[in-house]
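Peer 1: Listed below, chain by chain, are the residues.
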Amino acid sequence: MEKAIDARKRASKRTSIFEKLKNDLWGAMVVAEREFYASLTNVRMFIIVVLFGLSMLLYSYYDIEYAWFERTPEEVLAHVAGYIIVSIGPLIAIILSFDSVTKEKSGKSLDLLLSRPLSKRAVAFGKFLGVTTAVALPIMILALVDIFCISALLNWQFPSLNVFIGFLAFTILLICTYALLQLIISTIAKTSGTAILSGIGLWLFFNLLWLLVIYITYIISGPMEDIPSDPMLAIMYIIQSGKFDYLMLFNPGGFMGGSFNLNIGMLTGSTPSGIPMWAPMASIILWFILSFIIAIEVFNRKVNA
Amino acid sequence: MIRTHGLTKVFHSFGSKDVVAVDHIDFDVERGDIFGFLGPNGAGKTTTIRMLTAILSPTSGTATVAGYDIIKEPMKVKQNMGFMPETLGFYDEMRAIDLLEFYAKFYKIPRSERRKRAKELLRLVGLSKVAYRRAGAYSHGMRKRLALAQAIINEPELLILDEPTGGLDPQGTQNFREMIHDLHKRGITIFLSSHILPEIQQICNKVCILNKSKVVVVDTIDNLTKTIRSKVEAHIVIEANMLNDEVLEEIRKIDGVLDVELDNGKIDIVTRGDMDISPDINSLLVNKGVRVRTIQTQEPDLEEIFLSLTKGD
Ligand SMILES: Nc1ncnc2c1ncn2[C@@H]1O[C@H](COP(=O)(O)OP(=O)(O)OP(=O)(O)O)[C@@H](O)[C@H]1O
Ligand SMILES: [Mg+2]
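Chains as they are written, first to last, in my numbering: chain A, 1 to 305; chain B, 1 to 313.
In isolation and in its complexed conformation, chain B is listed as follows (with noise of 0.2 Å):
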């Protein structure tokens, strides 16, 4: 659906250093994906996907998006994808049932169908009670939704959001993660961008890490969240009666434990992140007679993992 290759974008700006915001990325993503794209602030997300969706001319590279060449058919690439961008410039003046019409006769659809294709996006957005509302009388979440329906409103077969969920509250995201469900499961592919990683691992099953401008990693969620762990450690904090440095021997033998440390009667056991190592300990300390009081198993948490990847050098 989408494939990049040696995609960039460099921003001249006069009597200012040159800026890469975009450097040589690759990816693909397929039919029927939903693709997350995920990088902190700055890293250049927003550039590409001003790029995929022939916004903005790359400096160099190009990409196929949706079966078309973005540098030799935009036309085609417009027509064939939606796209939600990270800011909401509505015009204020319009209510939204007539943005969206609007919007819509870009797509040569014709009138009789533009009202009711419009109606029927504001009821799926949830935005029925507030249609003949002007734009500017929106909240933020709302304009979100009717961002989301304008992205949809000539039925593509691809859809590009940037942050849709961004500035959302937990119930609004919860809303827009279950609405983003529903297209997928109407068959379209979903490509969406965000700086928050537990997110795209709820919603995605592809992911693009991307870091300074540069692709630092692209796999499928489960593989990365496997490597990732593997690098990372993992915590297993106990609180016993009778712990002695018999015990503790004991366990720094067992494998996956890299370090155990005795400190105010808690032990705190540093295990590999992609070994699951609790079971053993559990019945080594009950064969030792040891009563145990509390034990907690501390996951290495992804969002470190997401800045141990994209900070520094």
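Next up, chain A with everything else stripped away, as it sits in the complex (with noise of 0.2 Å):
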């Protein structure tokens, strides 16, 4: 008899947690779509987006026309990937996100906000959903354009089916795990100011002080042989030996960079270091969960505590 009435009591909680996040998720869709119109709307998104599709472009173009050899639509695929991809994309996010709650703050339109039936929860959700949407979208559109012109300059050659999903795949979770770490930055900051410029020193962290880290492990665990004395073209070769690939996996990044990019093509198998390929995968994945996570607990204990 007890037991019914114990059942029953748990059934009542359970739809009525199911009714609150049925409630956050409505709360969530409100804030995204809102996120999203002033984002597409916003004129640094019209300058990035021209300027993004212009180098994307561009790189595509001279990758094929300069090449020693002949290119396959994958190669270049890769190339955009690792060189433009990888380093651009972050910015554009960081660039199009960093005041997303920073704005708030300063406006104070955030008790508006959080005056309306949805948790904390789902604001930094619907922010992330529709900064992200409308960041991605674009970017989508580009990298599509992109896949077009390549074809068409090598003779209507397509990549294959799973360098183009893993290359759209990629660039999505890149640009949503920057976004993510980006509304991070904008949650703990107290300024605009201190959100962009955390965000561009995370930015030049995983762009290029990764030099530098992937160097002094090098130092540390002690000299290779045949290294060229000029210390760019050093560094080039340590990171093509691909044996500090596995530091790789700790940069967002890390799935186009090291010896990985030149393995776009196998998506699985292994990498000249011998890291099996599902590794670098499994690497932007969890970074884009963990990001999630943390962001939107960041948000929640920070946000009016």
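Think of the hints as simulated: they come from the structure by calculation, not from any bench. All residues carry an ideal CB built from backbone N, CA and C; glycine is no exception. Where hints are given, some of them may not hold.
Unchecked claim - As a list, the in silico DMTMM-like pairs of lysine to aspartate or glutamate whose alpha-carbon atoms are at most 25 Å apart: (1) A:LYS190 - B:ASP18; (2) A:LYS22 - B:ASP69; (3) A:LYS105 - B:ASP92.
To be verified - Over 10 Å on every C-beta distance to chain A, these chain B residues come out as not near it, computed from the model: (4) LYS17; (5) ARG31; (6) LEU56; (7) GLY126; (8) ARG272.
Put the two chains together into one complex, using the hints given.
Peer 2: Encoded structure:
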């Protein structure tokens, strides 16, 4: 008898949790929709999209026209991903979303939002969803345009399906991850100025200072043979050797870095360093999941605490 | 409608002292009240309101608002109340009507209904003519009106207003008061904060005075005015010919007179604030054959009372 009552109580609790989730999801969509339109109609979006599109197309063109050997579409895509997407993609995500929370703090619009029937986690999720779709949408379109142009330049050879999907999936995951990292920064930062500076600092760390990280690890682990004396060539040599590929697993853009990008066509199998190809894929997925959880929880704790 | 139990908020900030913004406050707001929440700058009004609206979680204590606990069921609280914040942060790039529709969406009001209600509310607060203007292009007074409109978009039974008339001109203040009265007539319970006593006196039936994060007094406006008067002095100043010490002595004997002073042909009579003895004095002077040129009563200034209640320790 009592058990039956208990079970019913539990059932009603479960539906109420379900109701809460449904309610939060609705609220998050409302927040996301506004965030999406606000980001999409922002002038900086327009400028950045044009610059990004141009650099991607120009890079593809030079990669094909000035290659020593005839390129396959897979190779070109690997290069576009490894040099353009990995470096400029995160920067775009950062620049387009750096003030998503600081702006609300300085504009005092947060109280009006938080007095609506949705949880803080839902607000954070909505912001993430709105900003990233606004960033990812033009980038996806440009990526498709780029793939089309690459094929046109290569006598209508199209990339294989798994490279095509791998390229798009990696691009989206990378942009989402940086948008989330920037959401964390924006939540913690007091002003928009600090937010953008910290965001660019983060970008510099993973894209330029990372070479230093690799170099220091190389020094610590002892010298290699046949190393070129020119420092720039030396670092290229070190990277291409694949010996330090495992370091790239700690970089959100690692999937396309190190010697991994040479393997985009395989997507399975292993790299020159012997690291199985699923590892860098797992790395970017893990980066995304972790930054997602941290972003939502930091927002929940930091905002109005 | 609102009941707080030892509601407390302490702000911890890294590297500096903790701030006790709200310290174990208790008060009750009944259905149908227009409840005034009065206190000087920094007393903790906004912090209390942000807890009541479930925007901020209390450090200790709790409250029930519109029938729901702010900690256990914040969503229900938010669904059933309307809130007008002190600082009006709108998305300035959006038009007023779109903003209202945006806020309406959170309450799952159907699409067709949303637009209708947004228009209706803009008419109610007198913004019909500028409904399609960006919120960023609104004046302060217009923003206040827009803030009131968004607070009632979900047809709440309780309205919480943080300094609704702050920064408005006299005409605007008057209009706002009328709007608040209209909403009250529709059956909405109203809780409003202010640091201006006469304003609370004019609009509210009950008041809670907050000072330095603690409740000083909670009472009806009528009672409060009475108790305060008994503690405070009023003055009657009389200009008259043929004043002499005998007359002054007689005045001193009247019940309620605390002190009498003669100064340049004027007598300054200090009386108890809760008694009106000017008729007694008047008849005495007539009996004594004193010709009164002017007689002025100075009621205790409620503003002063408020200051005396809230100043110092
Ligand atoms: N987010 C916060 N962090 C730290 N301290 C805060 C915060 N919000 C308010 N305080 C402090 O709490 C105290 C009460 O502030 P509150 O804004 O509640 O006062 P108020 O009564 O609304 O004043 P006013 O009439 O000026 O609006 C002040 O000392 C203020 O500095
Ligand atoms: Mg305040």
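Peer 1: None of the hints should be skipped; say for each whether it holds.
Peer 2: Evaluation of the provided hints:
Distance check on the hinted pair: LYS190 of chain A and ASP18 of chain B sit about 19 Å apart at the alpha-carbon level, within 25 Å; holds. Straight-line distance between C-alpha atoms of LYS22 of chain A and ASP69 of chain B comes to about 21 Å, which keeps the hinted pair within the 25 Å bound. As the CA atoms of LYS105 of chain A and ASP92 of chain B are separated by approximately 14 Å, the hinted pair is consistent with the 25 Å bound. No beta-carbon of chain A is positioned within 10 Å of the beta-carbon of LYS17 of chain B; the least distance is around 17 Å.
Residue placement check: ARG31 of chain B keeps its beta carbon more than 10 Å from all beta carbons of chain A (closest about 21 Å). With 10 Å as the threshold on Cβ separation, the claim that LEU56 of chain B sits away from chain A is violated: the shortest Cβ distance comes to roughly 5 Å. Every beta carbon of chain A lies more than 10 Å from that of GLY126 of chain B, the smallest distance being close to 20 Å; the non-interface claim holds. Consistency note on ARG272 of chain B: stated as away from chain A, and its beta-carbon is indeed over 10 Å from all of that chain's, at 45 Å minimum.
In summary, the structure is inconsistent with hint 6 from the numbered list given earlier, while agreeing with all the others.
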